[in-house]
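J.: Between the sequences and the hints, there should be enough to build the whole structure, so can you do that?
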Amino acid sequence: MIMESTDMTEGRTGPHRNLSVPLARLGYAAALLVLLAATSGLEGYDLFLASSILSYAISAMGLNVLMGYNGQISLGHGAFFAIGAYTAAICIDRFAVPFTLTPVIAGIVGMGAGWLIGKPALRLEGVYLALATFGLAIATPTVLRSDLFAEWTGGVQGLFLGIEPAPEWMGLDLDQSIYLTVVAYFGLFAFLTLRLVQGLNGKAWIATRDNPIAARAMGFDVTRAKTRAFVFSVLACSVGGALQAVAVQFVAPDSFPFFLSIALFTAVVVGGLCSPLLGPLLGAAFIVLVPNVTEEIWQGGSWAVYGGVIIGVIAIQSRGLAGIMTGITSWVRDRITGQTTTRYERK
Amino acid sequence: MTFFLEQLIIGLSSGGIYAIMALALVMIYKSTGHVNLAQGEMAVFSTFIAWTLVQTGMPLWPAILLTVAVSFVGAIVLERVVVRPFAEADDLVVVAVFVGLFLSIHSLAGAIWNYEVKPFPSAFSDGSVSLMVDLSIRTHTLGSLVTTGAVLTAVWIFFRYTQLGLALRAAADNRESSRLVGINVSLMLALGWGLAAGIGAVAGVMIAPVTFLDPGMGLAPLIFALAGALLGGITSPFGAALGGLIVGVLEAMISAYVPYGIEFRELIALMLILSVLLVRPAGLFGEIVARRV
Amino acid sequence: MLKSTTALALGLVLASAAMAADYDKGASDDEIKFGTIVPLSGPASAYGSTGTCIAAYFDMVNDRGGINGRTVTVSVQDDGYNPAKMLEQARRLVEREGVLFIAGNIGTPTNSAIHRYMNQRKVPHLFLTTGASKWDDPESYPWTMPFIPSYAAEGRIYARYIKETMPDSMIGILYQNDDFGRDYLDAFVAELSDESMVAAAVSYDTSTATIESQMSTLKDSGADVFFNIASPKFAAQAIRRAGEIGWDTTQFLVSVANAKSAVLEPAGLAYATGIISTQYLKEPTNPAYAEDADVAAWKEFQSTYFPKGSDGNWWDWSCYATAYTIEHILTQAGDVLTHENLMKLASNLEEFEAPMLLPGIAITTSPEDFAPIEAMSLMKFDGENWALFGDVIAVD
Numbered sequence: 013m014i015m016e017s018t019d020m021t022e023g024r025t026g027p028h029r030n031l032s033v034p035l036a037r038l039g040y041a042a043a044l045l046v047l048l049a050a051t052s053g054l055e056g057y058d059l060f061l062a063s064s065i066l067s068y069a070i071s072a073m074g075l076n077v078l079m080g081y082n083g084q085i086s087l088g089h090g091a092f093f094a095i096g097a098y099t100a101a102i103c104i105d106r107f108a109v110p111f112t113l114t115p116v117i118a119g120i121v122g123m124g125a126g127w128l129i130g131k132p133a134l135r136l137e138g139v140y141l142a143l144a145t146f147g148l149a150i151a152t153p154t155v156l157r158s159d160l161f162a163e164w165t166g167g168v169q170g171l172f173l174g175i176e177p178a179p180e181w182m183g184l185d186l187d188q189s190i191y192l193t194v195v196a197y198f199g200l201f202a203f204l205t206l207r208l209v210q211g212l213n214g215k216a217w218i219a220t221r222d223n224p225i226a227a228r229a230m231g232f233d234v235t236r237a238k239t240r241a242f243v244f245s246v247l248a249c250s251v252g253g254a255l256q257a258v259a260v261q262f263v264a265p266d267s268f269p270f271f272l273s274i275a276l277f278t279a280v281v282v283g284g285l286c287s288p289l290l291g292p293l294l295g296a297a298f299i300v301l302v303p304n305v306t307e308e309i310w311q312g313g314s315w316a317v318y319g320g321v322i323i324g325v326i327a328i329q330s331r332g333l334a335g336i337m338t339g340i341t342s343w344v345r346d347r348i349t350g351q352t353t354t355r356y357e358r359k
Numbered sequence: 172m173t174f175f176l177e178q179l180i181i182g183l184s185s186g187g188i189y190a191i192m193a194l195a196l197v198m199i200y201k202s203t204g205h206v207n208l209a210q211g212e213m214a215v216f217s218t219f220i221a222w223t224l225v226q227t228g229m230p231l232w233p234a235i236l237l238t239v240a241v242s243f244v245g246a247i248v249l250e251r252v253v254v255r256p257f258a259e260a261d262d263l264v265v266v267a268v269f270v271g272l273f274l275s276i277h278s279l280a281g282a283i284w285n286y287e288v289k290p291f292p293s294a295f296s297d298g299s300v301s302l303m304v305d306l307s308i309r310t311h312t313l314g315s316l317v318t319t320g321a322v323l324t325a326v327w328i329f330f331r332y333t334q335l336g337l338a339l340r341a342a343a344d345n346r347e348s349s350r351l352v353g354i355n356v357s358l359m360l361a362l363g364w365g366l367a368a369g370i371g372a373v374a375g376v377m378i379a380p381v382t383f384l385d386p387g388m389g390l391a392p393l394i395f396a397l398a399g400a401l402l403g404g405i406t407s408p409f410g411a412a413l414g415g416l417i418v419g420v421l422e423a424m425i426s427a428y429v430p431y432g433i434e435f436r437e438l439i440a441l442m443l444i445l446s447v448l449l450v451r452p453a454g455l456f457g458e459i460v461a462r463r464v
Numbered sequence: 091m092l093k094s095t096t097a098l099a100l101g102l103v104l105a106s107a108a109m110a111a112d113y114d115k116g117a118s119d120d121e122i123k124f125g126t127i128v129p130l131s132g133p134a135s136a137y138g139s140t141g142t143c144i145a146a147y148f149d150m151v152n153d154r155g156g157i158n159g160r161t162v163t164v165s166v167q168d169d170g171y172n173p174a175k176m177l178e179q180a181r182r183l184v185e186r187e188g189v190l191f192i193a194g195n196i197g198t199p200t201n202s203a204i205h206r207y208m209n210q211r212k213v214p215h216l217f218l219t220t221g222a223s224k225w226d227d228p229e230s231y232p233w234t235m236p237f238i239p240s241y242a243a244e245g246r247i248y249a250r251y252i253k254e255t256m257p258d259s260m261i262g263i264l265y266q267n268d269d270f271g272r273d274y275l276d277a278f279v280a281e282l283s284d285e286s287m288v289a290a291a292v293s294y295d296t297s298t299a300t301i302e303s304q305m306s307t308l309k310d311s312g313a314d315v316f317f318n319i320a321s322p323k324f325a326a327q328a329i330r331r332a333g334e335i336g337w338d339t340t341q342f343l344v345s346v347a348n349a350k351s352a353v354l355e356p357a358g359l360a361y362a363t364g365i366i367s368t369q370y371l372k373e374p375t376n377p378a379y380a381e382d383a384d385v386a387a388w389k390e391f392q393s394t395y396f397p398k399g400s401d402g403n404w405w406d407w408s409c410y411a412t413a414y415t416i417e418h419i420l421t422q423a424g425d426v427l428t429h430e431n432l433m434k435l436a437s438n439l440e441e442f443e444a445p446m447l448l449p450g451i452a453i454t455t456s457p458e459d460f461a462p463i464e465a466m467s468l469m470k471f472d473g474e475n476w477a478l479f480g481d482v483i484a485v486d
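Chains as they are written, first to last, in our numbering: chain A, 13 to 359; chain B, 172 to 464; chain C, 91 to 486.
A hint or two may mislead.
Each computed DSS-like pair below joins lysine-lysine, with the alpha-carbon atoms no more than 27 Å apart [what the hints assert, rightly or not]:
{"id": "1", "chain 1": "C", "residue 1": "K115", "chain 2": "C", "residue 2": "K212"}
{"id": "2", "chain 1": "C", "residue 1": "K434", "chain 2": "C", "residue 2": "K115"}
{"id": "3", "chain 1": "C", "residue 1": "K253", "chain 2": "B", "residue 2": "K289"}
{"id": "4", "chain 1": "B", "residue 1": "K289", "chain 2": "C", "residue 2": "K470"}
{"id": "5", "chain 1": "C", "residue 1": "K398", "chain 2": "C", "residue 2": "K350"}
{"id": "6", "chain 1": "A", "residue 1": "K215", "chain 2": "A", "residue 2": "K131"}
{"id": "7", "chain 1": "C", "residue 1": "K212", "chain 2": "C", "residue 2": "K434"}
{"id": "8", "chain 1": "C", "residue 1": "K253", "chain 2": "C", "residue 2": "K470"}
{"id": "9", "chain 1": "C", "residue 1": "K398", "chain 2": "B", "residue 2": "K289"}
{"id": "10", "chain 1": "C", "residue 1": "K350", "chain 2": "B", "residue 2": "K289"}
Every beta carbon over 10 Å from chain B, so not counted as near; a handful from chain A, in silico [unchecked claim]:
{"id": "11", "residue": "Y57"}
{"id": "12", "residue": "E163"}
{"id": "13", "residue": "L200"}
{"id": "14", "residue": "T239"}
{"id": "15", "residue": "G313"}
{"id": "16", "residue": "W343"}
It should be emphasised that the hints constitute simulated quantities derived from the structure, not laboratory data.
All C-beta atoms in this analysis are idealised placements derived from N, C-alpha and C, irrespective of residue type, glycine included.
T.: This is the structure:
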């Protein structure tokens with residue numbers, strides 16, 4: 013069960029190493045501008061879809077840190093997505109908190125829960141951690157349905173989120189207000205994720221993943237690194253969940269089936285492990301949009317096609333869609349400049 | 172007392188199901204080093220094949236044997252075509268392949284056989300054996316416990332005493348070294364898949380008479396079998412089978428005796444198992460895998 | 091003078107509106123487009139065939155020449171029984187594909203997610219196949235209308251029947267732990283008005299493998315009446331288990347799980363004998379309707395257009411009545427295919443006899459009453475078939 017990870021290091025240190033730092037920053041700023049410009053360019057449904065994708069992308073960014081950089085498997089982060097969503101719903105339903113702030117509270121609550129669960133669970137490894145988290149995912153709808161918490165959660169009926177659009181002088185409708193909020197949090201998490209994985213934390217995570225014993229010998233606090241990765245992933249998932257709840261304006265136990273956890277997992281791997289931003293974004297788009305396409309291909313057997321597409325993508329490139337994109341862009345660049353970029357080949 | 176014994180029997184009845192599924196997981200784990208999330212769906216698919224054969228008029232036992240054979244071959248083909256390209260890939264990528272397989276096989280079963288529940292005949296008898304007043308046990312439950320025992324013994328002997336079993340284990344433990352000593356690793360991996368699917372098919376035809384056959388039949392047994400296998404130790408056939416039984420009994424007892432137990436039995440059972448794992452990370456009977464530095 | 095001119099002008103406008111075609115998005119001179127959203131993937135896929143059925147029905151309608159010369163396009167979408175996905179699909183249908191209305195959706199939590207959206211958009215959200223009571227609320231949600239009788243109303247029928255015929259009984263209840271199970275349970279217990287009659291009420295989750303321990307707890311409670319509030323698979327398990335452990339009771343079974351071939355046959359007809367349930371539809375497999383024109387028409391439709399449909403699966407023929415009612419409204423609407431007109435027609439159905447409804451049951455709605463089917467009949471399983479007994483009962 014020890015990871016053969018040497019062949020992954022290229023992607024893990026990031027293709028952005030080739031670019032100079034200011035150029036990369038310029039790229040990020042441009043991407044953010046495009047997202048902001050989309051506010052006026054897109055219609056209601058597209059804005060909703062984009063909000064949905066971006067909230068999954070935020071969750072996937074966190075999960076990618078846990079799974080990609082830190083090498084721990086979780087099949088249960090849908091549970092934290094649900095905690096975030098319900099926190100947002102209760103905040104709005106009970107305390108009339110402005111929806112723009114609910115992700116903050118959701119993040120705090122989620123981190124608390126993540127710490128409580130992560131502390132013991134992180135002593136488990138590999139398939140054991142996968143099971144522990146998977147169990148969490150299975151139990152989530154049951155707990156949400158329970159009478160014990162029905163006064164807060166609305167029990168089987170769920171909760172509506174009454175969301176007010178931005179003040180009139182801003183000239184934004186509801187979809188636009190929600191979308192802009194999601195973009196703001198997306199930007200924040202993109203920044204956080206990059207800072208974390210490119211900093212000392214990222215090194216600790218990768219070292220812990222590749223060789224925990226050697227990492228310990230080198231002076232990294234392995235347990236701390238794992239806990240940090242876990243808590244960050246939980247934070248991102250709760251914030252993603254809160255934003256998704258805001259976009260849908262309704263939460264119910266059925267919104268968080270175990271399949272959601274599987275979908276988040278899929279988003280991370282199919283998007284591209286260890287591609288900090290592009291991977292989660294593409295992965296999130298994949299889990300939202302591709303099922304609609306496979307349904308067109310074979311109604312009644314859409315999962316059969318969907319499953320095949322998942323396997324197909326990672327068969328083409330084990331670093332998923334982001335890997336494919338990077339491959340294409342560098343190929344194009346090589347054609348244009350007429351040079352060959354030095355690349356680390358797989359062993 | 173009768174009530175308690177009844178719960179025990181119910182626990183053994185579902186525990187027997189989990190145990191045999193857990194053995195399929197042990198088989199695949201010991202021979203490939205992975206836990207196949209699609210194992211439950213594959214078992215369901217096999218059971219549908221058996222059901223179709225029975226519908227065409229084939230007697231049940233030959234149908235089961237044929238199904239096991241078909242599953243064995245089918246899984247080898249699946250391994251060769253779909254899983255093989257990922258032999259050197261990261262664990263997470265392999266899990267994603269299993270997710271893809273899970274979705275595909277589930278959906279295919281639904282598309283082919285639809286989602287209505289179908290009764291599936293017991294391989295033993297539909298009756299039950301009376302133990303005392305007000306207490307009886309299904310013949311099928313007894314039969315599936317015996318089957319579990321038989322499969323367990325076979326798997327144990329296979330890994331412990333046969334050359335092939337040893338080769339399978341070696342191939343999973345250390346591919347490079349196995350190649351060096353002349354083991355055909357590629358063949359071993361495929362064989363592991365085939366055997367696991369064969370055991371899964373047996374599990375499926377044991378489950379279906381209890382739960383009815385439908386495409387959703389495999390999920391719950393898979394989860395509890397996984398829990399059982401980890402509790403007992405996924406490297407030990409004996410531990411995994413016992414773990415499956417323990418999980419079944421635990422589930423029944425929690426439902427019957429713990430307040431809110433019926434509602435939260437899955438959560439409580441999983442918490443208990445996790446607490447055991449925190450003390451014994453490799454499960455009750457599992458070997459701790461030495462770590463390479 | 092001025093007044094009468096205005097009145098005249100207004101009259102002319104109205105008349106011309108009635109004559110010239112009036113369309114909302116999704117309707118045109120040659121097409122009517124509407125959508126239906128059902129689970130076609132995931133754990134609730136068993137109910138997804140209703141969407142396929144409605145689409146197949148309109149294939150038949152189109153083969154007959156369409157409705158008032160217009161082809162009907164049905165866009166069937168998959169929500170996987172997830173509320174968030176349901177909203178995405180509804181918005182896609184309304185905003186992107188531009189459907190005239192959405193009809194025939196399955197599921198309470200999923201339709202809840204689009205309840206407000208559809209009403210804010212003022213797009214008809216019609217004939218839902220879900221029995222929550224909240225859909226019948228024309229005052230707050232004038233654009234949403236269910237089709238099937240509410241679960242609560244059905245629960246009350248059983249409670250009243252038990253109070254009348256066996257007032258001293260002790261009741262054991264198995265219910266699915268979700269909105270569907272709770273709706274039945276709450277209404278049933280409230281109507282009993284004597285909670286001590288409930289010996290035990292235990293839930294199960296759809297993620298479970300078996301319900302054997304629940305059944306043993308119920309038997310141990312000493313109940314002599316068993317109320318089975320389960321979806322088909324678990325209902326069948328419960329009926330069989332009750333028989334196996336020799337728990338001898340009068341059994342009541344909810345209507346969504348009373349299909350003979352999908353539930354009772356797997357459970358074993360011997361164990362199912364004597365079960366009491368309710369019905370408002372004609373079961374195609376029941377020999378009582380062997381000569382029935384509706385059933386014959388259904389069978390012909392099924393064999394030609396809907397070969398995947400099963401005449402033993404409740405969902406597959408209740409949607410036939412739904413589709414027929416949609417067709418009726420579209421036909422009535424003539425050239426005025428607007429949201430408003432459709433809603434007006436849907437909420438003014440009077441004694442409309444949709445096919446497959448039992449004799450004596452018809453669809454009646456009004457602007458104050460958005461519950462189309464408000465009558466059911468009790469029935470008992472005689473070991474071979476369901477047999478209706480008693481009068482048709484009006485539900486509330």
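J.: All hints are to be evaluated individually against the structure, with a verdict given for each.
T.: These are the hints, each one checked on the structure:
1. K115(C) x K212(C): 12 Å, holds
2. K434(C) x K115(C): 17 Å, holds
3. K253(C) x K289(B): Roughly 35 Å between the alpha carbons, so the hint for K253(C) and K289(B) is violated.
4. K289(B) x K470(C): Roughly 23 Å between the alpha carbons, so the hint for K289(B) and K470(C) holds.
5. K398(C) x K350(C): Holds, at roughly 18 Å.
6. K215(A) x K131(A): 21 Å, holds
7. K212(C) x K434(C): Holds, at roughly 13 Å.
8. K253(C) x K470(C): Roughly 17 Å separates the two Cα atoms, so the pair holds.
9. K398(C) x K289(B): 16 Å, holds
10. K350(C) x K289(B): 12 Å, holds
11. Y57: 26 Å, holds
12. E163: About 16 Å separates E163(A) from the closest Cβ of chain B, which puts it past 10 Å; holds.
13. L200: Holds, because the least Cβ-Cβ distance between L200(A) and chain B comes to about 26 Å, which exceeds 10 Å.
14. T239: 15 Å, holds
15. G313: 4 Å, violated
16. W343: 22 Å, holds
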